[in-house]
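With the sequences and hints as input, model every part of the structure.
Protein chains: 2
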Amino acid sequence: MSRGDDIKQKLVKNAEPVDEFIESILMSRTPENLYHASRYLISAGGKRLRPYLTIKSCEAVGGLAKHAVPFAASLEILHNFTLVHDDVMDNDELRRGKPTVHKKYGEPMAILAGDLLFAKVYQSVLDHAPAHMSSDEVIAALGKMTDAIILLCEGQALDISLPIAMDVTERDYLDMIGGKTSALFMACAEVGALAGGASKAQITALGRFAWDAGLAFQIVDDILGITADEATLGKSVGSDIREGKKTLIMIHALANANEEQMIVLKRAVGVKGASKEDIDAVVKTLGEIGSIQYAKDEAEKYTARAFESIKVIPDGPSKQDLIDLVNYFVQREY
Amino acid sequence: MSRGDDIKQKLVKNAEPVDEFIESILMSRTPENLYHASRYLISAGGKRLRPYLTIKSCEAVGGLAKHAVPFAASLEILHNFTLVHDDVMDNDELRRGKPTVHKKYGEPMAILAGDLLFAKVYQSVLDHAPAHMSSDEVIAALGKMTDAIILLCEGQALDISLPIAMDVTERDYLDMIGGKTSALFMACAEVGALAGGASKAQITALGRFAWDAGLAFQIVDDILGITADEATLGKSVGSDIREGKKTLIMIHALANANEEQMIVLKRAVGVKGASKEDIDAVVKTLGEIGSIQYAKDEAEKYTARAFESIKVIPDGPSKQDLIDLVNYFVQREY
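Protein chains in written order, with this note's numbering: chain A, 1 to 334; chain B, 1 to 334.
It should be emphasised that the hints constitute simulated quantities derived from the structure, not laboratory data. A quick note: this is a predicted structure, and the numbers were derived from the prediction, not measured. There's no promise every hint is true.
Under the rule of at most 25 Å between Cα atoms (straight-line distance), these lysine to any residue pairs were calculated in the SDA-like manner [what the hints assert, rightly or not]: (1) Lys104(A) <-> Ile150(B); (2) Lys104(B) <-> Asp90(A); (3) Lys272(B) <-> Glu107(A).
Derived Cβ-Cβ restraints for the label pairs, each shown as a range [to be verified]: (4) Thr204(A) <-> Asp136(B): 21 to 31 Å; (5) Arg29(B) <-> Met166(A): 39 to 49 Å; (6) Glu16(B) <-> Gly273(A): 52 to 62 Å.
According to the in silico footprint, chain A covers these stretches of chain B (three or more CB under 8 Å from chain A) [to be verified]: (7) 31–42; (8) 84–91; (9) 103–116; (10) 133–143.
Ideal Cβ placement from N, Cα and C applies to all residues, glycine included.
Below you can see the structure in the form of C-alpha cells.
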C-alpha cells in the first residue's frame, strides 16, 4: 500500500464521527428544501482535511479525538459554507463532480443555504462543546473561528476584486491565499489544540504550522494546475492560464519576464480563446523564467517553516500524522 | 409634539452609541471595497428598532444601557446582513431610498459583504461583551442569537419557496413572519435582558413580548400595504397585490372568498399587469370578506398578548417606552 493510500484511509476513518455529527446538526426541519440544499454539497464528499487537522491537533497535545469532533464538524461546515457562496459569486457550475448548489436549487436558495450553514458553524460549538472545556475556552475557540471567517471574506474579496493575475503583486497573492486557505487551516489547528487542553505555546505552534501548511498546499495546487496532465487535474490543461488565475507562478513570471517573454505570456494569460500552441509556449516560458522552480522553492520554504513551528509539540503518532499529511500533499508529483 | 415625534426622537437618541459602536467594528481594513460595501446599507439609515428593543429591555430589568450597546449593535448588524442577502435573493433594486448593495457593488461583493456582517455579529459580542457578564451568560446570548438566525433562514426559505399568497396557509404565514421578524425581535429582548442581569422569568417574559410585538408589527405593515396611500407607503398602491405578497389579509380572503369574490381576487393577485380598476375591486372585496378587519383583530390580539407577557416586568420608564413603541407602531392610521 502506498503512503498516499495510507493517508487517504486515515482521512476517511477520521471523518466518520465528524460526518455523523454533521448529519445530526443538519437534520431536516421545516422547510425541508432549505435543509436539502444545505446538506447537498457536504454530503457530496470532500477530503475532510480540516476535520483531520482539528482532531490530529487535539490528539497531538494529549487530547481525546471525541472532544474535538464538534469543532471539526463546525469547521468543515464553515468550509462548505464558503464553497457554496464562492460558487455563486464565481458562477461555477460543477463542484465535486456534481452541479453546484445554486445550479441545483437556484441562487436564492444557495445563498440562504450558505447562511444556514454559517449559523450551524456556531450552533455546533455553542450547543455541543465538550463538558470539560470552560466557557472561557469555548469563547476563545469561537473567537478564533470568527477571526478566520473575517480573513476568509477579505481573501475572497481580494480574489474577486483582482480579476486576473496581471494586476496582482506577490503580497496580494499571499494575503489572498492566507485568507482563503491558511486562516481556516490555522483555526482548525488552534481550536483542536484548545479542545485538547493545549498550552498557549502549543496553540500558537500548531496554528503557525497550519498557516504555513495552508500556503504550501495552495502553491502546490497552483503548480499542479500548470504542470499536471488532464487526468490528474480533472480539468483541461491550460484552463488556469486561460482564465488568468492568480498563481504565484504567474505573478513571478509577469514580474520577471523580458519583453519577448511578456509577449508570449500576454498571448494566453487571461485569454479565453488561447490556442493549445499558445498555452504550450506559456508553459515553456514559465520554465525559462524560472517561475515554476520559484514556486516549488516557496512551497518547500513554507513546508520547512511549518515543521520548524511544531518542534515544540511532543513527538507522537498524531504529530507524525500531521507531518505525513503535509509531506504527502506538498510532494505530490509535479 | 405628537407621540410619534416623541418616539422617533427616542429612537434616534438610543441609536447614537450603537451607531458609534457599529462604525468602530466595521472600520476599514484591506480590501477597502469589502468594508465600503458592508457599511453602505447600515449607514444609509433605518429606524434602529432592534437596538431600541435591546437597550430598553436591558434597562427595563434594571441594567445600564451601555452594557447592552455591543449586543444592540450586533443585532442591528445581523438585521442588515439579512437585508443585504434578501435583496440579492429578491433582486430588489432600492432600499432606504438608495440602490441596494448588489446594485451598487455587484452581486458577488454583496454576498460577501453580508457574510462579513454575519461574522461581525459574533465579533461584536465575543470581543466586546461587558465585563460584568459571565462567559456562561455570553454563551447564552450567542445561543439565542444563533437560534434567531436559524429561524430567520427558515422564514426566508418559506418566503422564497411559496412564491405567492395563493399557495400559503395561515400557519405558513405565521411561521414565515415568526422567522423573518419575530425571531430577531425576541433575540433582541432576551439578549438585552441578559445583559441587564434579568432573571430567567424576566428573559422569557421580554422574549414573548417581543415575539408577539413582531407578529403585530408585520401584520400592521401588511394592512398598510393595502390601505395606505402612496405618500405614506413610499411605493405604488396595489404593488403588494400585484406581486401576490403573502399577507394575512390575502390568505384570509383566499380562504373565505365565495366564487364570485374569488374571480375578482384572481384577476389581480399576483398579476403584474393588473389595472387600477382591478386593484380597486380587490380592495373593495377584501373589505366585503372581512379580511382587513380580521387582520386588524389579529394585530390587536398579538399586541394584547405582548402586553400581558410583560406584566411581570416592574413598571418604570423603560418598560413604558417598550409599550409606547408597540402602541405607536400598531396604532398607525389604517
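Going down the list of hints, with the structure as the test:
Taking the CA atoms of Lys104(A) and Ile150(B), the gap is near 22 Å; set against the 25 Å cutoff, the hint holds. With a C-alpha separation of about 18 Å, the suggested pairing of Lys104(B) with Asp90(A) holds against the 25 Å cut-off. For the suggested pair Lys272(B) and Glu107(A), the alpha carbons sit about 23 Å apart, so the restraint of at most 25 Å is met. For Thr204(A) and Asp136(B), the Cβ-Cβ distance of about 27 Å falls inside the hinted range of 21 to 31 Å, so the restraint holds.
Remark: the range hint 39 to 49 Å for Arg29(B) to Met166(A) is contradicted by a beta-carbon distance near 25 Å. Between Glu16(B) and Gly273(A), the C-beta spacing of about 57 Å keeps the proposed range 52 to 62 Å intact. With a threshold of 8 Å between beta carbons, the proposed coverage of the region 31–42 of chain B by chain A holds, since 3 of its residues qualify and at least three are required. Under the rule that three or more residues need a Cβ within less than 8 Å of chain A, the assignment of the region 84–91 of chain B holds, with 4 such residues.
Note: the region 103–116 of chain B has 8 residues with beta-carbon separation from chain A under 8 Å; the three-residue rule is met and the coverage holds. With 7 residues having a Cβ less than 8 Å from any Cβ of chain A, the region 133–143 of chain B passes the three-residue criterion, so the hint holds.
Comparing the model with each earlier hint shows a violation of hint 5 alone; every other hint is respected.
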